[in-house]
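Place chains E and H on chain U using the hints.
Residue numbers (the working numbering), protein chains in the order written: chain U, 1 to 84; chain E, 1001 to 1363; chain H, 2001 to 2335.
Think of the hints as simulated: they come from the structure by calculation, not from any bench. A virtual CB, placed ideally from N, CA and C, is assigned to each residue, including glycine. Hints should not be assumed to be uniformly reliable.
What the hints assert, rightly or not - On the chain H side, residues computed to face chain E include the following (Cβ under 8 Å): (1) Arg2004; (2) Glu2006; (3) Asp2185; (4) Lys2316; (5) Ser2327; (6) Arg2333.
To be verified - Below, computed lysine-lysine pairings styled on DSS-like, alpha-carbon distance capped at 30 Å: (7) Lys1180/E x Lys1026/E; (8) Lys2298/H x Lys2286/H; (9) Lys2316/H x Lys1014/E; (10) Lys1004/E x Lys2298/H; (11) Lys1043/E x Lys2305/H.
As the list claims (entries may be wrong) - Derived list of chain E stretches under chain H, where covered just means 3 residues or more per stretch with a C-beta under 8 Å from a C-beta of chain H: (12) 1062-1069; (13) 1081-1091.
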Amino acid sequence: MCLAVPGRIRDVKPVQEWMYSGTVDFGGVLREVNLSCVPEAVPGDYVLVHVGVAISILPEEEAIQCLAELEHAGVEFEYEEGLE
Amino acid sequence: MKYKDIYQKPELVKAVAEALHRTTTKNWTLMEVCGGQTHSIVKYGLDALLPPQITLLHGPGCPVCVTPVEKIDRAIALAKDHNVILCSFGDMLRVPGTKGDLLAARSEGADVRVVYSPLDAVKIAENNLQREVVFFAVGFETTAPANALAILQAYRRELLNFSLLVSHVMVPPVLQALLKEPDCKVQGILAAGHVCTVMGTRMYEPLAERYQVPIVVTGFEPVDILYGVQMCVRQLEEGRHEVENAYPRVVKEDGNLHARYMVQQVFETEQRVWRGIGALPGSGLGIRKEYAAFDAEKRFCLQEIHSEECPDCISGLILQGRASPVDCPVYKIQCTPDHPLGAPMVSSEGVCAAYYQYGRGAK
Amino acid sequence: NRGRVEMAHGGGGSKMQQLIEEILLPAFGNPEGAARHDSALLQVEKIQLAFTTDSYVVRPLFFQGGSIGSLAVNGTVNDLSMSGAYPVAISAGLILEEGLPLEHLQAVVSDMQTAARTAGVRIVTGDTKVVERGRCDGMYINTAGVGIVRDGVDIGPHRVQPGDAVILSGDIGRHGIAILAAREDMLDYCDTASDCAPLNSAVTILLNSGAEVHCLRDLTRGGMASVLVEIAQASGTFIHLREEAIPVSASVRAACELLGYDPLYIANEGRFVAFVPAADAETALKAIRTASVSGEAKIVGTVQKRETAGVSICSKYGTERHIYMLSGEQLPRIC
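Chain U on its own, in the form it takes in the complex (with noise of 0.2 Å):
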């Protein structure tokens, strides 16, 4: 029900009174998304996108957010930064 994928706003453009869409980059894919549902958003933020609607903006800092749920969750492990 609901297949949603982070995206990167490149821009953003009035279409109505306060409807808004722009062009988000889903890492070499483009596609015109509408983000009237995340009016405060701005290019540069990254966006959670469902059937060409943005439905959350999501966190900066992601790396960080992930590893605290994980303590959060009582889960050991050793993570350095550049494991990619």
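Frame of chain U, contents of chains E and H only:
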């Protein structure tokens, strides 16, 4: 890919799985609500990483599985009307109606088009003003804002040739329908993360309280799913039953207020029939009077279409985790992925299709 | 009635196989008894000829990395190469829709010429028909190709054995995604070009490398998954893949995540798999990587002995899932 790769890292998945093995001491049966979660579990084989005591039941959170056969038949009838362009998500094209599916209708000349977004259907309406363009609007709360935006956009651009055939459903009512059954085996729920991205998590608190069941809002990447299972099992082991958020990067307690406001403007709660489960009060979204012009049910006369479910198909019991495909009389005989009789045999992560192909979960 | 032709019958999946087995093979028969292969092998005196035919109906006609013209020539060259033959001559039958701009036709024909020159093959004969507007989608091309099978070369699924290494010539999914981007309905832009390219030079290098080659197959419609399932069924073996070894470019992965596709089922037009004995795997890999079209070749799996034929893939978490043929072409998902 940012926001995805880190949540697929094998060493993090391994770490969460190990924490889970340490936490689990008893047998627990959990249900992941969303078809997208089921897809990740089947694709990455995540259930094989769980301790043997844990059983995962696939929940009813997939539009392919729960859209009632009446709506499929109406979509097919509309598609066969020569003046109609019927737009739909790809998921719905192989779902069996009473006679055939949308793909078969297309081969008989119906103009059926697959779209990625409801807003693409609005563009098609704008480019084909002399044709009726109907979008088959299925989905759960996550998809409601996009369908609401499609109607609001068509309304502003006065596109009177655009309408929605709506089959929108919501999660809490169907969870209540499952949990109140005496023979319900589900002890913990992994709630659908993206539904909660829109709606927030508060709506689950009454369910967790009344049915004494932990409800953990869970994501879709491998780390997210195992993390959700870990938090749910920890609650069960400690005898707690709360709503917990294992997907904080996108889920807030109140969800997305802009999106919820938009849905409120266009839709209102109403009773909805769920395929295999039946009618559930307050479990669906219907188009409000103010936007009735965009409601395909009112624009076209669809009432006298006679619909009927395949009598042997037990998809309802399977969707509620109360039966398995092997209990079904037509499973693997008349009902196969090439000729699905019931919806759970259609999509690759439908329970019956997963059983047929992988013999998965045949515990 | 027996129903109607559906898009799925052309999708490279099980419905297409069903159509071939139930309607086409009984009518055309399969005298050589050769398993369904990319080319038919004909013995003419002392020479073994490879003979193939294909039709190209791609929409749109032009896309990043190629056109219906380069696709038609390379596709035919590749079918011949996959049976171990070197291509000699190609025919091209053009079906044109009334109203097709002549500069589009010119562009397609010059693409065909360039592709033929690159692959070192000649277009020796052709035909042109025009149909009324609306009876075809701009232009279709049907080709036939003739090649000569090298002496002592016997390549096909019948030779695949447990222990063989499975070599993949490069990253997958480029062509299907490039076409999606060119249609601009689901994607506005994608920085992926089609992998459309001739494979005959890579095959020649491989066959001259001294490595024993059991089977070759180019990965077109239905993607790598469908081809491997077909070969596993035809050879009665079990193919086990390693997910981490299979290269997928970042933008193809992004497009598949967005639309709900699995890259294993996305079409390619310049990629092949080679089945070689384990002992020759390193030799074969080194040789294949010297060809420009397969510079990033990798060993992505092995052939095993199990009771039933099939294909499975081991995830980066060490778990295994089975791979099946889709009934038709893959549809995008929202769930």
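Now for the hints, and whether the structure bears them out:
Using the Cβ-Cβ criterion of 8 Å, the hint placing arginine 2004/H at the interface with chain E is satisfied: the shortest such distance is roughly 4 Å. Because the smallest distance between the Cβ of glutamate 2006/H and any Cβ of chain E comes to about 4 Å, under 8 Å, the interface hint for this residue holds. Annotation: aspartate 2185/H was flagged as interfacial toward chain E, and the flag holds, the nearest CB pair being 7 Å apart, inside 8 Å. Using the Cβ-Cβ criterion of 8 Å, the hint placing lysine 2316/H at the interface with chain E is satisfied: the shortest such distance is roughly 5 Å.
Because the smallest distance between the Cβ of serine 2327/H and any Cβ of chain E comes to about 5 Å, under 8 Å, the interface hint for this residue holds. Evaluation of the arginine 2333/H hint against chain E yields a held restraint, the C-beta minimum of about 5 Å falling below 8 Å. Restraint check for lysine 1180/E and lysine 1026/E: the C-alpha separation of about 23 Å stays at or below 30 Å, so the hint holds. Between lysine 2298/H and lysine 2286/H the alpha-carbon distance is near 10 Å, which keeps this suggested pair within the 30 Å criterion.
With a CA separation close to 11 Å, the supplied pair lysine 2316/H and lysine 1014/E stays within the 30 Å bound. A threshold of 30 Å between alpha carbons decides the hint, and for lysine 1004/E with lysine 2298/H the separation of about 25 Å falls inside it, so the pair holds. The straight-line distance between the Cα atoms of lysine 1043/E and lysine 2305/H is roughly 24 Å, inside the 30 Å bound, and the hint therefore holds. Remark: the segment 1062-1069 of chain E is confirmed as covered by chain H, as 3 of its residues place a Cβ nearer than 8 Å to a Cβ of that chain, reaching the required three.
With 3 residues carrying a beta carbon less than 8 Å from a beta carbon of chain H, the segment 1081-1091 of chain E meets the three-residue requirement, and the given coverage holds.
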